[in-house]
Amino acid sequence: AQSVSQHNHHVILSEAASLELGCNYSYGGTVNLFWYVQYPGQHLQLLLKYFSGDPLVKGIKGFEAEFIKSKFSFNLRKPSVQWSDTAEYFCAVNPSSGNTGKLIFGQGTTLQVKP
Amino acid sequence: NAGVTQTPKFQVLKTGQSMTLQCAQDMNHNSMYWYRQDPGMGLRLIYYSASEGTTDKGEVPNGYNVSRLNKREFSLRLESAAPSQTSVYFCALRGGVYEQYFGPGTRLTVT
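Keeping their order, the protein sequence lines are chains A and B.
Under the numbering used here, the letters of the first sequence match residues 751 to 865, in that order.
Under the numbering used here, the letters of the second sequence match residues 18 to 128, in that order.
For the record, the hints were derived by calculation from the structure and aren't laboratory data.
As the structure is a computational prediction, the values presented were derived from the model and not from experiment.
Just so you know, not all the hints are guaranteed correct.
What follows is a list of derived Cβ distance ranges for each label pair [stated by the list, open to error]:
1. L806/A x D43/B: 44 to 54 Å
2. R94/B x S764/A: 41 to 51 Å
3. K819/A x K26/B: 33 to 43 Å
4. I810/A x K26/B: 24 to 34 Å
Think of the CB as a built atom: it goes at the ideal place given N, C-alpha and C, for glycine as much as any other residue.
Extracted from the complex, chain B is given alone in its bound form (with noise of 0.2 Å):
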């Protein structure tokens, strides 16, 4: 989906490092989620934007921040890794009525 954008793609991190997870869309919606991938597991939400300078938690934020600083870009930041964060990391935004788009992901692992 061209309107989400996702970086890096690929990402390994040691136990204990930080890293940010960038999310940018050009479709000038409001609301836009984070969500990690499980085998298993399917979707879970980890925070989500309901708007600029707006964010609240969803079903799984533990171990996570977000930020929201303008209308276009949601950040997603691990501050101390934890190979349980070994995942793919799904940005995706609210469009339509209540559909969402996603971006092509963030594969995560964590040593």
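Bound conformation, chain A alone (with noise of 0.2 Å):
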């Protein structure tokens, strides 16, 4: 079955130390790559997204994502986190066939970013 794997379920950091949150997925064919932040209390927003194209992927709020095909991953970095990053990110697959649109979500990792 496809799935997706998020290996770190809770990071702390100080601020304006460096981010890297990791990513992979399980499907061989082509997908479509996302992550998602859910800020406390608040729903899902989109954090930027991987279609086709240069594998590095630039999203809001300073976040990058970079896709590499042959390790399956989809890793979410950021130079400098601030104290507003806290919160819960989650990356996301939705497999090119069937174009349901069906997203298969990872387990989540909660980032509590410290003053």
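Two chains, each in its own frame: build the complex with the hints.
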């Protein structure tokens, strides 16, 4: 079965530290990839997405992610986190076949940034 | 996301009670989805609807039914609530290519 795995469940960083959250998926075909963020008490918001082209994609609020096809990975990065980045982060995959638009989500990573 | 609204925001049910979660959109998109979010499990798809009048099961459909009577609304019904259905429920719709826009969620507790 298709699955998405986020290796870090809970990450604690100090402000200005660099961030990298891992995401791996299991699907051999073409995929569309997403990172969503959920701030405390809010709904999920799209952070960035990858469909094709340059494997390094930039999103909102200084986040970026790199798609490495050979590693089935789509890791999220930010050079310098802020206290306001405290949130839960979800990686999601949409297998391109079927065209249902269904997303398969990872378990989520809770990021806590200490001021 | 103002384009997707969900009601109610909070609900407490007793085991065996029924209720319907409502979702409405004003973005004129065809595909809509219902997810549940549980700690440590991410979001799991319950049901989805590719268009008005069509619905399909997702990953965890047992104990739920859905209705898509028109393009704007997609409701999720719990016929006989169980404690295992305590969760946060999100409605989403597909916009753009494959990205999804999420509603604010309904926090359901079943005692």
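Each hint, compared with the structure:
| no. | hint | in the structure |
| --- | --- | --- |
| 1 | L806/A x D43/B: 44 to 54 Å | violated, 35 Å |
| 2 | R94/B x S764/A: 41 to 51 Å | holds, 46 Å |
| 3 | K819/A x K26/B: 33 to 43 Å | holds, 41 Å |
| 4 | I810/A x K26/B: 24 to 34 Å | holds, 26 Å |
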